[in-house]
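Single-letter residue listing:
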Amino acid sequence: MNRVRNFLLATTLLMSTSASADIAVVVNANSGIDHLTRSDAVNIFMGRYRKLPTGNLALPVDSSTLKARFYRALVNKDLAEINSYWARLVFSGEASPPQQIASSDDVHQLVTQNMNALSYVDSSQVPDDMHVVLTLGE
Amino acid sequence: MSRLLLLLHTRLALRTTAIILLIVTLLGVVFLALAVYLRAESVQRDQQARIQELLTTVERTAQIGCFLGDHHLAQEVADGLLSNNIVNAVSIDAEDGTTLASGRADREGESASSVVRDVASPFEPETSVCRITVEPNQAYIDKLVAQASNFIGGALLLQLVGIGLCVVLVVVKFVTRPITGLSHRLSELEAETGQQLQAPKGNRDDEIGQLVISVNAMIDNLVQSLGEERRLRLEREVEERRYRAIFDNVEAGIFELDGAGFIRSANPAFRRLFDMPGEKDLECHPVAFTSLLSDGEGTAPSFVIDDDASEHERQWEVALADGGQQRWISLILSPLETGRLQGVAHDVTERKRAADAAEQMAMTDPLTGLGNRRGFDHRLAVMARHHRLYPERCHALITLDFDHFKRINDTYGHQVGDRALSHVGAILADLVRQRDYVARLGGDEFVVLLEGCNQRDDVEPILTRFLERLRAPLKVDGSVEVAIGVSIGVAMLGLDSDDPQQAVQFSDMAMYAAKRAGRNTWRFYEPVNAT
Chain A
1 MNRVRNFLLA TTLLMSTSAS ADIAVVVNAN SGIDHLTRSD AVNIFMGRYR KLPTGNLALP
61 VDSSTLKARF YRALVNKDLA EINSYWARLV FSGEASPPQQ IASSDDVHQL VTQNMNALSY
121 VDSSQVPDDM HVVLTLGE
Chain B
1 MSRLLLLLHT RLALRTTAII LLIVTLLGVV FLALAVYLRA ESVQRDQQAR IQELLTTVER
61 TAQIGCFLGD HHLAQEVADG LLSNNIVNAV SIDAEDGTTL ASGRADREGE SASSVVRDVA
121 SPFEPETSVC RITVEPNQAY IDKLVAQASN FIGGALLLQL VGIGLCVVLV VVKFVTRPIT
181 GLSHRLSELE AETGQQLQAP KGNRDDEIGQ LVISVNAMID NLVQSLGEER RLRLEREVEE
241 RRYRAIFDNV EAGIFELDGA GFIRSANPAF RRLFDMPGEK DLECHPVAFT SLLSDGEGTA
301 PSFVIDDDAS EHERQWEVAL ADGGQQRWIS LILSPLETGR LQGVAHDVTE RKRAADAAEQ
361 MAMTDPLTGL GNRRGFDHRL AVMARHHRLY PERCHALITL DFDHFKRIND TYGHQVGDRA
421 LSHVGAILAD LVRQRDYVAR LGGDEFVVLL EGCNQRDDVE PILTRFLERL RAPLKVDGSV
481 EVAIGVSIGV AMLGLDSDDP QQAVQFSDMA MYAAKRAGRN TWRFYEPVNA T
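The listed protein sequences correspond, in order, to chains A and B.
Quick note: the first sequence uses our numbering, first residue 1, plus one each step.
Quick note: the second sequence uses our numbering, first residue 1, plus one each step.
Don't take every hint at face value.
Computed list of lysine to any residue pairs in SDA-like fashion (alpha-carbon distance at most 20 angstroms, straight line) [claimed, not checked]:
{"id": "1", "chain 1": "A", "residue 1": "K77", "chain 2": "A", "residue 2": "D22"}
{"id": "2", "chain 1": "A", "residue 1": "K77", "chain 2": "B", "residue 2": "K201"}
{"id": "3", "chain 1": "A", "residue 1": "K77", "chain 2": "B", "residue 2": "D96"}
{"id": "4", "chain 1": "A", "residue 1": "K77", "chain 2": "B", "residue 2": "E124"}
{"id": "5", "chain 1": "A", "residue 1": "K77", "chain 2": "B", "residue 2": "S128"}
{"id": "6", "chain 1": "A", "residue 1": "K51", "chain 2": "B", "residue 2": "H71"}
{"id": "7", "chain 1": "A", "residue 1": "K51", "chain 2": "B", "residue 2": "R60"}
{"id": "8", "chain 1": "B", "residue 1": "K406", "chain 2": "B", "residue 2": "V480"}
{"id": "9", "chain 1": "A", "residue 1": "K77", "chain 2": "A", "residue 2": "R88"}
{"id": "10", "chain 1": "A", "residue 1": "K77", "chain 2": "A", "residue 2": "L57"}
{"id": "11", "chain 1": "A", "residue 1": "K67", "chain 2": "A", "residue 2": "D105"}
{"id": "12", "chain 1": "B", "residue 1": "K201", "chain 2": "B", "residue 2": "E188"}
{"id": "13", "chain 1": "A", "residue 1": "K67", "chain 2": "B", "residue 2": "S128"}
Computed spacing ranges between beta-carbons, pair by pair [said to hold, decoys possible]:
{"id": "14", "chain 1": "B", "residue 1": "H71", "chain 2": "A", "residue 2": "W86", "range": "32 to 40 angstroms"}
{"id": "15", "chain 1": "B", "residue 1": "Q147", "chain 2": "A", "residue 2": "E81", "range": "41 to 49 angstroms"}
{"id": "16", "chain 1": "B", "residue 1": "R45", "chain 2": "A", "residue 2": "V90", "range": "35 to 43 angstroms"}
{"id": "17", "chain 1": "B", "residue 1": "H71", "chain 2": "A", "residue 2": "E81", "range": "45 to 53 angstroms"}
{"id": "18", "chain 1": "B", "residue 1": "S83", "chain 2": "A", "residue 2": "E81", "range": "22 to 30 angstroms"}
Selected chain A positions facing chain B (in silico; Cβ < 10 angstroms) [unchecked claim]:
{"id": "19", "residue": "N43"}
{"id": "20", "residue": "R48"}
{"id": "21", "residue": "N76"}
{"id": "22", "residue": "L79"}
{"id": "23", "residue": "F91"}
{"id": "24", "residue": "V126"}
Hints are computed from structural coordinates only; laboratory data are not their basis.
As the structure is a computational prediction, the values presented were derived from the model and not from experiment.
Where a beta carbon is used, it is the ideal one built from N, C-alpha and C, also for glycine.
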């Protein structure tokens, strides 16, 4: 019964994942950041701002599984464009791309452990220990 | 310079070319200015567009550089832009006013209006992240414009020279050559022989052909009128010679008068008639015609010529006193034209004298040399006219008749009778004044007309003297003495009668009264006698 319930739940989640639209930008629940604008998110993830509104050094984290959807939702660009963007900046060294993390668990761990970490999850699967600062509609 | 002006003045082709070149040059300058202006505009536009293209090329990189505030990247972009020779200076300024990158090419020249491009954030197109200001290189643009202008100018100049050459060639070939040829041929043409001008080949049907046709027509006209003129001149010369011969050699005087009555010309005969020196120049010293006449009779006819009166021929006979001898000249004046008269003068003295003599003879009694009946009638008519004009003046009419004249004839013969008649006539002619008139009417009857005798008392002394002189007997052949008695009757015209014929009658009656009174005496007409 439980297994059935879990399966159903999982299926529902999966379905909701595939069908769900939104991506939530999340931070450590204790980061002190209540809310970010879309601009703030762009500036931080695209390397323009190095600091959070709290004044701490920002640590943006790319979640590989959601990366394509996230950038499509945030700046309406595909990954090739984003990669090309960062490629240009390799030589100047002025800015560096967000840290790349493959599994969502690692992302979850990093965000919950680091006060300055900043990443994104599917808005339907936001863990309780993360704080949503911005929801990006797809 | 003056040589060039002279050339322009004398060469049609040059003048035409100069004018066309001038016009083309002016138009060319206008077009050139317009073309340069338009070209400059278009070059300016082109360069602006090029700069825009350059900006578009580097925009993405610039977006990133600006977005990140990356000085290196921005500088890379600025240097890239500056590497184009149309860019003079580049400045990339962030939104907050800080300059991310700038650069200036080491080029001379003033700056043109800058091209400004706002660069949006690569991720948020509505958000501007920086502004790129590009200053175009005006010197380079000017150079491009100058190049284009030089090309256009050169092309125009080439075209101008080409047009000039073409115009010169065309004008020389199609206008100047034919005209010059025509002019040469015209100058060598012997027009008076009727030679015609030939049109140049290829110009027969155009305007030059027309000109040739017109010239030929004019030559025809000229030749024709020249011939006519020559013929008329010859004719006139003959006429002139003929007239001159007549004018010079004719016996009649021929002369011309102008409107003021001055003699304009006169032939030798006229000069002879009026004693004018032959060499006198009438053109320089005009002689008034009246002055020639006035030294004659004193009353010269007036020669004031008015056009109306001088339309017809007029004739006079005038008397000239020529050294005491009177001469008669007949003048005929006929108008030649307005203000000119031609006159012919004849010496009619001989004819006049002959006529006068004949008339004299017709009115003269051959025996006594006194008037005859005809002369008396004539004189009486004159007196009658005179009396009608001046009735207050009286005249005496005396009739004389010999007493017993038949007896003298019978006694001494007709010759002595004739002598007696002559004797009495001589006494009468001697007694009366010049203006009185004595006539023998026929036989032994005499008549005396005393002019201006206002009363009988004036007559009586004459009669007394007459009878006194008659009392002396007439001696014939030395020995024979003939006594003559005369009866005299007197009538006064104006006192006794106003009619001359009646006065003659009255004097006749008075004469018979004298005969009745015993002869050799006189009687005045008495009306009572008549009754």
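So, going through the hints one by one against the coordinates:
A hinted pair counts as satisfied when its Cα atoms are at most 20 angstroms apart, and A/K77 with A/D22 qualifies at roughly 16 angstroms. Only pairs whose Cα atoms come within 20 angstroms are accepted, and A/K77 paired with B/K201 is rejected, the gap being roughly 88 angstroms. Distance restraint check for A/K77 and B/D96: the Cα-Cα separation of roughly 27 angstroms exceeds the 20 angstroms cut-off, and the hinted pair is therefore not satisfied. In summary, the hint linking A/K77 to B/E124 is supported, as the alpha carbons are separated by about 11 angstroms, within the 20 angstroms threshold.
Taking the CA atoms of A/K77 and B/S128, the gap is about 18 angstroms. The hint holds against a cut of 20 angstroms. The hinted pair formed by A/K51 and B/H71 meets the criterion: a straight-line CA distance of about 19 angstroms does not exceed 20 angstroms. For the suggested pair A/K51 and B/R60, the alpha carbons sit about 25 angstroms apart, so the restraint of at most 20 angstroms is broken. The straight-line distance between the Cα atoms of B/K406 and B/V480 is roughly 17 angstroms, inside the 20 angstroms bound, and the hint therefore holds.
Between A/K77 and A/R88 the CA atoms are separated by roughly 16 angstroms; this keeps the pair inside 20 angstroms, and the hint holds. Using a Cα cut-off of 20 angstroms, the hinted pair A/K77 and A/L57 is violated, with the two alpha carbons roughly 26 angstroms apart. For a cut-off of 20 angstroms, the pair hint linking A/K67 to A/D105 stands: about 15 angstroms separates their Cα positions. The hinted pair formed by B/K201 and B/E188 meets the criterion: a straight-line CA distance of about 18 angstroms does not exceed 20 angstroms.
Between A/K67 and B/S128 the alpha-carbon distance is near 26 angstroms, which puts this suggested pair outside the 20 angstroms criterion. Distance hint for B/H71 and A/W86: a CB-CB separation of about 18 angstroms, inconsistent with the stated range 32 to 40 angstroms. Restraint check, B/Q147 to A/E81: a C-beta distance of roughly 43 angstroms satisfies the suggested window 41 to 49 angstroms. Remark: the range hint 35 to 43 angstroms for B/R45 to A/V90 is upheld by a beta-carbon distance near 39 angstroms.
Roughly 24 angstroms separates the CB atoms of B/H71 and A/E81, a value that falls outside the hinted 45 to 53 angstroms. Taken as a hint, the range 22 to 30 angstroms holds for the pair B/S83 and A/E81, whose Cβ atoms sit roughly 27 angstroms apart. Taken as an interface hint, A/N43 checks out: its beta carbon lies about 8 angstroms from the nearest beta carbon of chain B, inside 10 angstroms. Nearest Cβ of chain B to the Cβ of A/R48: about 5 angstroms, under the 10 angstroms cut. The hint holds.
The beta carbon of A/N76 comes within 8 angstroms of a beta carbon in chain B, closer than 10 angstroms, and the hint placing it at the interface holds. Checking A/L79 against chain B by beta carbon gives a least distance of about 14 angstroms; that is not within 10 angstroms, so the hint is violated. With 10 angstroms as the threshold, the beta carbon of A/F91 comes within range of chain B, its nearest partner Cβ sitting at about 8 angstroms, so the hint holds. Interface restraint check: A/V126 against chain B, minimum CB-CB distance 24 angstroms, threshold 10 angstroms, status violated.
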